[in-house]
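Number of protein chains: 2
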Amino acid sequence: MKLWKRLCAMGVLAGVLGVVAGGVLAAPLKPDEQMKFRKAGYGFMAWNMRKIKGNLEGPYNNDEVAKAAAAVAAVSNSGLGALFGPGTDQDLGEVKTRVKPEFFQQPDKVKELALALNKEANELARVAATGDAGAVKAQFGRTSDACQACHDRFRKE
Amino acid sequence: MKLWKRLCAMGVLAGVLGVVAGGVLAAPLKPDEQMKFRKAGYGFMAWNMRKIKGNLEGPYNNDEVAKAAAAVAAVSNSGLGALFGPGTDQDLGEVKTRVKPEFFQQPDKVKELALALNKEANELARVAATGDAGAVKAQFGRTSDACQACHDRFRKE
Numbered sequence: 001m002k003l004w005k006r007l008c009a010m011g012v013l014a015g016v017l018g019v020v021a022g023g024v025l026a027a028p029l030k031p032d033e034q035m036k037f038r039k040a041g042y043g044f045m046a047w048n049m050r051k052i053k054g055n056l057e058g059p060y061n062n063d064e065v066a067k068a069a070a071a072v073a074a075v076s077n078s079g080l081g082a083l084f085g086p087g088t089d090q091d092l093g094e095v096k097t098r099v100k101p102e103f104f105q106q107p108d109k110v111k112e113l114a115l116a117l118n119k120e121a122n123e124l125a126r127v128a129a130t131g132d133a134g135a136v137k138a139q140f141g142r143t144s145d146a147c148q149a150c151h152d153r154f155r156k157e
Numbered sequence: 001m002k003l004w005k006r007l008c009a010m011g012v013l014a015g016v017l018g019v020v021a022g023g024v025l026a027a028p029l030k031p032d033e034q035m036k037f038r039k040a041g042y043g044f045m046a047w048n049m050r051k052i053k054g055n056l057e058g059p060y061n062n063d064e065v066a067k068a069a070a071a072v073a074a075v076s077n078s079g080l081g082a083l084f085g086p087g088t089d090q091d092l093g094e095v096k097t098r099v100k101p102e103f104f105q106q107p108d109k110v111k112e113l114a115l116a117l118n119k120e121a122n123e124l125a126r127v128a129a130t131g132d133a134g135a136v137k138a139q140f141g142r143t144s145d146a147c148q149a150c151h152d153r154f155r156k157e
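First to last, the protein sequences are chains V and F. Each residue of the first sequence is one higher than the one before, counting from 1 in the numbering used here. Each residue of the second sequence is one higher than the one before, counting from 1 in the numbering used here.
Accuracy of the hints is not assured; some may be wrong.
No copy is singled out in the list; a pair is fine if it fits within one copy or between any two copies.
Okay, derived cross-link-like pairs now, EDC-like style, lysine to aspartate or glutamate, Cα gap no bigger than 20 Å in a straight line [stated by the list, open to error]: (1) K53 to E33; (2) K96 to D32; (3) K53 to D145; (4) K111 to D63; (5) K30 to E57; (6) K39 to E94.
Hints were generated in silico from the structure; no laboratory data involved.
Start from the sequences and build out the full structure, keeping to the hints where you can.
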C-alpha cells in the first residue's frame, strides 16, 4: 500500500476509534512499542475475560466479576487504534504481530467492529456491577462474540 | 525457600491483594501464563500512564485522560497478585521476569504497596473524571510514586 494511502487509513482509523493523539504526539511511540502495548492491552483483556468465564463456570464472586468486567471495558475504551500506526503491520524483530494486512485497508470495517466491542464491553461492565450472574452470562457471550468477530476477520491463525 | 513456606506466602499474598480465586480455580494458569498476563497488565498500565503524562505536557484532552485513568485503576483493581503464584519467581524460557525474590518473602510489604497503589489509582480515576487538569497533575504524581515505590523495592534493574 502506498505510504500516503496508509497514512490516510491510519488517520481515519485513529479518528473512528476515538483516539486523541495528545499523549501520543507528546511522546511518540515507535512501531515496536505500539505493537508491545497493543499486545499488552489485548492480553490483559483476555485474562479478565478468562476470569469472568471461570466465575460463570465455578463459584461466582460479584466483586471479582465486576472488577474484571470494568477492566475489559477499560481496555476496549482505551483507544488501542492509536497502536496500529504505520510500520506496525509486520513482525519487528522479537515483536510479532498476528494482524492481517486487511486491517489497515478496511478502516470502516475496523470502526464497525471496534464500536461493536465498545458497546458490548461497556454493557458487560454495567451488568456485572449489578451482580446478576444470569445477565452477565448472556452479556459475556455477546462480548466474546464481538472479540471473535474481529479475530476471525483480522487476526492470523 | 521451602515449598510450604512459598505456598503460605502465596496464600497470604493472594488474600491481602484481595484476590478471589474463583476464576483461577476454574481455569488454572500455568506459571508462564501467569507471568505473561501480569506483564500484559503492567504494560497496559504503563501505556495509559504515558498517555496521561503526554496530556499533562501537551494538549489536554479530558476524555482521553479520563479513559486512561480508568484503565490504570482497572489494572490496579484487577487482582494481579493472583499472577505471582509458585514457580513465577524466575524466567521460564522466553518468558522473563524482573521480580525480585524478596517479593515472595515479604507479603506484608507487598500488601502495603499494593493497597497504596489501589488508593492512588482509584483517586486518579476519580479526579480525571472531573476534568480538573491541575488536580490530575498532582494525583498523577502520587500515582507514579506508588508505582515507583514497588519498582524500587521489588523490581530488578
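Practice problem: Can you give me the call for K53 and E33, within, between, both or neither, at a CA distance of at most 20 Å? | Solution: Classified as between; 16 Å across copies, 30 Å inside a copy.
Quiz item: Are the CA atoms of K30 and E57 at most 20 Å apart within a copy, between copies, both, or neither?
Solution: Close across copies (19 Å), not inside one copy (41 Å); limit 20 Å.
Quiz prompt | Within, between, both or neither, where K96 and D32 count as close if Cα-Cα is 20 Å or less | solution = Answer is both; intra-copy 9 Å and inter-copy 18 Å each pass.
Practice problem: First find the shortest C-alpha distance between K39 and E94 inside one copy, then the shortest across copies, and answer within, between, both or neither for a cut-off of 20 Å. | Solution: both (13 Å within a copy, 16 Å between copies)
Self-check item: Within, between, both or neither, where K111 and D63 count as close if Cα-Cα is 20 Å or less
Solution: between (32 Å within a copy, 19 Å between copies)
Quiz item: Under a CA distance limit of 20 Å, which applies to K53 and D145: within one copy, between copies, both, or neither?
Solution: Within one copy, since 13 Å is at most 20 Å while 34 Å is not.
When the structure is compared with the earlier hints, no violation turns up for any of them.
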